[in-house]
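S.K.: Listed below, chain by chain, are the residues.
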Amino acid sequence: DAGVIQSPRHEVTEMGQEVTLRCKPISGHNSLFWYRQTMMRGLELLIYFNNNVPIDDSGMPEDRFSAKMPNASFSTLKIQPSEPRDSAVYFCASSLSGYEQYFGPGTRLTVT
Amino acid sequence: AQSVTQLDSHVSVSEGTPVLLRCNYSSSYSPSLFWYVQHPNKGLQLLLKYTSAATLVKGINGFEAEFKKSETSFHLTKPSAHMSDAAEYFCVALDKIIFGKGTRLHILP
Chain G
1 DAGVIQSPRH EVTEMGQEVT LRCKPISGHN SLFWYRQTMM RGLELLIYFN NNVPIDDSGM
61 PEDRFSAKMP NASFSTLKIQ PSEPRDSAVY FCASSLSGYE QYFGPGTRLT VT
Chain R
113 AQSVTQLDSH VSVSEGTPVL LRCNYSSSYS PSLFWYVQHP NKGLQLLLKY TSAATLVKGI
173 NGFEAEFKKS ETSFHLTKPS AHMSDAAEYF CVALDKIIFG KGTRLHILP
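Residue numbers (this note's numbering), protein chains in the order written: chain G, 1 to 112; chain R, 113 to 221.
Please keep in mind that the hints were generated in silico from the structure rather than gathered at the bench.
Certain hints may be false.
Said to hold, decoys possible - These stretches of chain R come out as covered by chain G in the derived footprint (C-beta under 8 Å, 3 or more residues): (1) 153-161; (2) 206-214.
Said to hold, decoys possible - List time: in silico DSSO-like cross-link candidates among lysine-lysine, alpha-carbon distance up to 30 Å: (3) R:K154 to G:K68; (4) G:K78 to R:K208; (5) R:K213 to G:K24; (6) R:K181 to R:K170; (7) R:K213 to G:K68; (8) G:K78 to R:K213.
All C-beta atoms in this analysis are idealised placements derived from N, C-alpha and C, irrespective of residue type, glycine included.
Using the sequences provided together with the hints, build the complete structure.
M.R.: Here's what the structure looks like:
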């Protein structure tokens, strides 16, 4: 299995631009999680889906952030408009029925 | 409310000596507990998991952890540290998706 796939691996953008992060979970997994990791705040759960349905989005910082999961094999996390304080590493993870999670390599986002 | 506390933000040990990374949890029931490792610029990798079967759990790379309900602890240990163990380690309760703050392990030559 290829594991969880995230793209891009690195993204540099200017403040105000739209950013879209992509995730392909492990085939057969039915739960998908988006995390953000920074030095200041550590690892934060942003949102998670079960069977493509958002279950808990209480970690989403504000309306500038949105996540979708149109099918079982693809999810996006969008930031519009982006701000410098959004700079972080964003991880996607997937699991079977919310059990042990398998993490992707992350997307390092830099907003200038 | 459920919580996970990693007692040390940094731990330094010499190569070849034992490793102890501490984790305490608070929960009204026995949670499912995990340890993950994150090497620099990498994603998180599962080390081991406790799911109410055996209280002593063996993981990858020689690590193990013991679930002690009386102490509400799930400390991670390894008998002999290797340079490649230098990384950040996270204790996690996945029932409520609660991550500890992480412990950065430094290995001294």
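S.K.: Does each hint fit the structure? Answer for all of them.
M.R.: Here's how the hints hold up against the structure:
1. A count of 6 residues in the region 153-161 of chain R with a Cβ less than 8 Å from any Cβ of chain G is obtained; the coverage claim is therefore met, three being the minimum.
2. Counting residues of the region 206-214 of chain R whose beta carbon lies closer than 8 Å to any beta carbon of chain G gives 5, which reaches the threshold of three, so the coverage claim holds.
3. Proximity of R:K154 to G:K68 is assessed by CA-CA distance (about 24 Å); at most 30 Å being required, the pair is judged to hold.
4. For the hint pairing G:K78 with R:K208, the CA-to-CA distance comes to about 25 Å; that is within 30 Å, so the pair holds.
5. Proximity of R:K213 to G:K24 is assessed by CA-CA distance (about 27 Å); at most 30 Å being required, the pair is judged to hold.
6. Taking the CA atoms of R:K181 and R:K170, the gap is near 18 Å; set against the 30 Å cutoff, the hint holds.
7. Under the criterion of a C-alpha separation no larger than 30 Å, the hint pairing R:K213 with G:K68 is consistent with the structure, at around 28 Å.
8. With a C-alpha separation of about 26 Å, the suggested pair G:K78 and R:K213 falls inside the 30 Å cut-off, and the hint holds.
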